[in-house]
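Asks: Residue numbers (our numbering), protein chains in the order written: chain R, 1 to 241; chain E, 1 to 321; chain S, 1 to 414; chain A, 1 to 291.
For the record, the hints were derived by calculation from the structure and aren't laboratory data.
Being a predicted model, the structure only gives us computed values, none of them experimental.
Built from N, CA and C at the ideal position, the CB exists for glycine as well.
Hints are not guaranteed to be accurate.
What the hints assert, rightly or not - In silico BS3-like cross-links for lysine-lysine, where the CA-CA straight-line distance does not exceed 27 Å:
| no. | chain 1 | residue 1 | chain 2 | residue 2 |
| --- | --- | --- | --- | --- |
| 1 | S | LYS126 | S | LYS374 |
| 2 | R | LYS122 | E | LYS300 |
| 3 | E | LYS107 | R | LYS54 |
| 4 | A | LYS243 | E | LYS300 |
| 5 | S | LYS145 | S | LYS126 |
| 6 | E | LYS300 | R | LYS88 |
| 7 | S | LYS126 | S | LYS103 |
| 8 | R | LYS156 | R | LYS108 |
| 9 | S | LYS313 | S | LYS404 |
| 10 | A | LYS90 | E | LYS300 |
| 11 | S | LYS257 | S | LYS408 |
| 12 | E | LYS107 | R | LYS156 |
| 13 | E | LYS107 | R | LYS88 |
| 14 | R | LYS88 | E | LYS180 |
| 15 | S | LYS126 | S | LYS78 |
Unchecked claim - Non-contacting residues of chain S with respect to chain E, defined by C-beta distances greater than 10 Å in every case (computed):
| no. | residue |
| --- | --- |
| 16 | MET54 |
| 17 | GLY186 |
| 18 | GLN302 |
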Amino acid sequence: MDALVLEGISKNFGALAALTNVNMRVQVGEVVGLIGPNGAGKTTLFNIVTGFTKPDRGRVKLFGEDVTGLQPHQIAARGVARTFQIVKPFFGMTVYETVLVGAYLREKDEDNARQRAEVAMKLTGVYHLRNRYARELNTPQLKLVELARSLATQPKLLMLDEIVAGLTPAEVDAMTALVKRIRDEMGVTVLLVEHVMRFVMNISDRVVVLNYGEVIAEGSPSEVSSNLKVIEAYLGGKSGS
Amino acid sequence: MKTYSALGAAIALAAVPFLVGLNEYYLFLVTLILLYTTIVVAWQLIGGYGGQLDLGAGAYHGLGAVVTGFLMVNYGVSGWVGLLVSGAAAAGVAFLIGYPSFRLGLKEVWYALSSLALVLILQKIFLLWTDVAGPLERYIPYAEFDPVFMRAGTKIFYYYITAALLASTFLIVSRIRRSKTGLYLISIRENEEAAEMLGVDVRRYKLQALMIYSFIAAVTGGIYASMVGFYHPTLFDSWISIQTATLAIVGGLGHLLGPPIVSIILLTVQEYLRITLGAVIIGLHQVIFGIILVVIIMFKPDGLGPLIDSLARRFPASVRR
Amino acid sequence: MVVAVVVIAAVVGISVFTRVLPLSQPTPQVSEIRVGLVEPLSGTYAVFGNEARMAAELVIEEINSKGGIASLGGAKLKLFVEDSKSTADGARLAAEKLVNVDKVHVIIGAFISSHTLTMLDVTEPKKVVVMADALVDYLTARGFKYIVRLPPKASVHGATAVDFAVGVFQQNGMKIQRPVIVHFDGLFGEVTADGVYTRLRDLGIRPVDRIKYPTDITDMAPIIERIRQANPDVVFVVPYYADSVLFAKAVASLGLKVPLIVGAGGTGLADPDSIKASGEAAEYMINTYSYDPFLPTNYNKQLVQAFQNRYGKLPTEAAGIVFYTLWTLKEALEVSGKNYPDDPLSGDNLMKALMSLDITSGPAAETYPSGHIKLAPNGDNLYAQAVALQVQGGKPVLVYPFDKAQAKPVFPRP
Amino acid sequence: MGADFGVQLLQTILFGVMLGGVYALAAMGLALLFGVANLVNFAHGEYIMLAMYMAFVFSVTIFQDPVLTPLFNIPLFFAIGVITYLGIFKRLIKAPPLSQIAATVGVLVLLRNLALAIWAAEPKAPPYTVFATSFSIGPIIVPLDKLLAMAVSFVTLFLLNLFLERTRLGVAMRASADDVEAVSLMGVDTNRLFLLTTGISLALVGLSGSLIMTYQAVTPTSGLLFGLLTWAIVALAGLGTVKGILIASIIFGLADSLASGLWDPRGREIVLYGLFILILWVRPKGLFGRR
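This is chain R alone, in the form it adopts within the complex:
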């Protein structure tokens, strides 16, 4: 069964084509890595799936249901959670409260929600920070809190937007292990956008490459890394910036 299906998605910003006829599939239980140079349209694609941006053309299907045009909270209700490329913390809330917001999505009862939040905090290792305010935390901690609050919503599909950017190699390894646990123990499907190749290649079952708004390659990590077009795109992207 497919967790996510994109059919012919196109999106223009003025004269700029952000995405052109993107077709993509993520199966339940998969970890899919989405890579590509800056400006390739990865974040736009995330925004379209999560309802922040409306596509000009094409359909988005989640677990078989057409969700094109739904609002983000409706997407969330259908089992999608997401972290942001630039963290969006709730500075004025404690970590506990932050994660509790997520937990309330599926737990109407306060006690259950608290339990759910505590499980998510323990899993991501931020439980000891629970009474700290978000504004007191550093970026790696904030990323973990963002992951924790996403998990507290009990997602079926987790979308991670550059979750390891700016982390130390040791932290990247820890995150790799964490994401694997999330997939294996909670059965969550994962779609991630990433620049850190070590992370992507280590964790993904399948990798999709976007360049200039188009899917240019797709396959297992090893297939993709040997694919010439990918290397070109990266080289081109790098020399251009």
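Let chain R serve as the given structure and place chains E, S and A on it in line with the hints.
Replies: Relative to the frame of chain R, chains E, S and A by itself:
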């Protein structure tokens, strides 16, 4: 502990009329102060928690005054019924203006401006709508003491209505603050997109906050109209909007105790200055009031809420020791 | 929960408490008579309020320096001034303070009729006498017991404006054909304009247009344009102060040509403040007033001189009403002291004293346009009369009643 | 009857265009500060009110005519702009919008109360002067003071446009409106740029205050009304260009004039602010560019 401080606050509220010697004039002033403080406390829902800098308080307050007054004058309907009807009317208007605004993502300065515009629009609509209001003051029939009609010659009547309203507003707001709704609203204030991605229906919760707040603001307007004995479109007063927002900001956005305490203190200072300086140089008291506000906002952008919270936390501890 | 219980308990307790305890007030030894003055000292109508305050201070000083109230052992008047902020609720708050804190015996105010009405809600239950300097007819027609009003009421002003205009037209062998009524949309504007309308109707004349504008109008051009469209031969206008200035300036700058423009209600157009603010645009503007600063009695001349010496301007509407109101109060206090020595300052006795007055001489009569003050049961003066002033050469001159006029009205407007 | 209505309509339209011309100047000051420094000045209307009062003061003390008061008002308000920037705005530049609104609402409260204290909330209007006259073209009356005010406004906006397009500083300002960081990378001292922007913004306010006073009276609540009106114009125009502001201003001037002239002078606020809210709902980006 909590019960004791609630009891203390209740006794203090109940005792005020005796502290001012049951003097009708001072009772009038303290009732006004509590009335405006009630709006400040209710404003926390939309402004402090929801993060929408709403300047529509004058519109809802005015609507409360006009609708309650209209029902009392034209149909002899009890003010109590009037308060409920006007509250519902205000919540209805809040829905009509809030739904498209939130749906279309009106935020920050644009939301603030559109809510302020609402005050002036409603004022002029009721100025032209002579069946209901119009340019002439409408006088509510005088009654020496008629609690059923909600009209009395003595201010103590209005004082206790207002005190009860303030107390219940405070309880409602603090309960919401501790509930899921409160948590959702604060998450909206802190980051709308992140909140939405966690399944928070941003529009719905903003709209809920706006409607509860506008209901309470309308009730204050109804009480005001009955107390002063007339209603008029000038009661759609943009100054109430601005005063409410500034007092709430100075009190600390989203703090529970700061806004009411700051509001009571500053409004009392303002009235005191008015009585002592008002006759010497007209308007001087308002300049001093303005300077106090600006200084606090410039040097304590978070308001006095954190300070008051930490004091409140320290105080019982020291007693225990 | 706790809060609610305590509050409810307090409500019940205190309402019982206040009901049971008689609020007895010991009869005061009369050493001073506390006079409250509620006026718009700030806000839209501040011009009038400040003039009234000047007049009150001047006259009270004079009364006190001449020995106060003789029948009360020379007791002095003490003035308590409160600002209504030009709002109805402000006037009410001011009255609350005067009645409950300063414990005044009588209040003069509040110039704006609608503000005066909100004051009565406070004063009536406490039996504090209000001597209104506001003109709307029904102030004295709603069954209030403790109110008197000496100046001519709004409808009299309206009628006076019409009578004057009809007279001017007659003198020139003409008849009014196309009058237009223009007024602000507040209580006083409505009632005065109704007075104009009624008198015109009684004379068989139909106004071609009646134009209302908001009190806080900032640009008169659209109003002037509508007047022009109506092509009137006379414009009756009821303005307050700021709008009268805007009106005069807009008439001049937009070149509106009307043979006669008559204001009704004494609150703008031809008083010294309006003339100063409108400059040349005020020339030939006419308005009716409740006081004639040119009344050729000895005392009036002396008082006007004293006012001008101290404040540098001619007293008109607001000051004039306070002049004769305060002198009438003085006469009433003398009577009350004589007739009710036990409690001369109670609202009831003061009202009886006021009602018994029939003044035809002395300062009150010498400053009153008709020279005669006697109150009807409702509190209005039976001999109320209004006059009309026209701006000629930058100064107001009396043009109506015709028999007392200092100059012929300039007609038609050049 | 039809011809009469035609005349009235033409007359009303003329008044509207003239009003719009004057509004444009006041709105331009706001758009400049908001666009270039990205600063929400909620007290903009209060500065206009202050400028109107100062124009009144200058016209009764020094000049006999409000038409000459810009000579004092422009430098005075430039200076007030500099002081405001150094005292208040400087620390707001990087603050979140909510803090900017909160702080400038504080300024609004202060200025409004200051006006109350000094002028006791009395409406003030300058004396009638030589410019306050009119001439007619056929049945249409052309008021000279408003015509002059409009002309001054247009010339000023034309010069401002030249400044923004032709001078290095002006180009930096426009660039800053698009991307502050890029401008500071170009080696422009953004602090000085914003200081100057605030100065120019308030100098425009000073001038507009003088022009408005040629035909209007001022009260302490004028600030609120002009504040909302200028924000409405900026909402309609977007932050694009001087031209956009001008067109939006004339649209609002026409709405104002038609509402007062053909409907009811008491209804103008309903029309103006109703239009404002509709614009916010329908055209979140403004007619001529980004907001």
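Asks: Please go over all the hints and tell whether each is borne out by the structure.
Replies: Consistency of the hints with the structure:
no., hint, in the structure
1, S:LYS126 x S:LYS374, "holds (25 Å)"
2, R:LYS122 x E:LYS300, "violated (36 Å)"
3, E:LYS107 x R:LYS54, "holds (20 Å)"
4, A:LYS243 x E:LYS300, "violated (40 Å)"
5, S:LYS145 x S:LYS126, "holds (11 Å)"
6, E:LYS300 x R:LYS88, "holds (25 Å)"
7, S:LYS126 x S:LYS103, "holds (10 Å)"
8, R:LYS156 x R:LYS108, "holds (19 Å)"
9, S:LYS313 x S:LYS404, "holds (22 Å)"
10, A:LYS90 x E:LYS300, "holds (16 Å)"
11, S:LYS257 x S:LYS408, "holds (20 Å)"
12, E:LYS107 x R:LYS156, "violated (32 Å)"
13, E:LYS107 x R:LYS88, "holds (18 Å)"
14, R:LYS88 x E:LYS180, "holds (20 Å)"
15, S:LYS126 x S:LYS78, "holds (20 Å)"
16, MET54, "holds (15 Å)"
17, GLY186, "violated (6 Å)"
18, GLN302, "holds (29 Å)"
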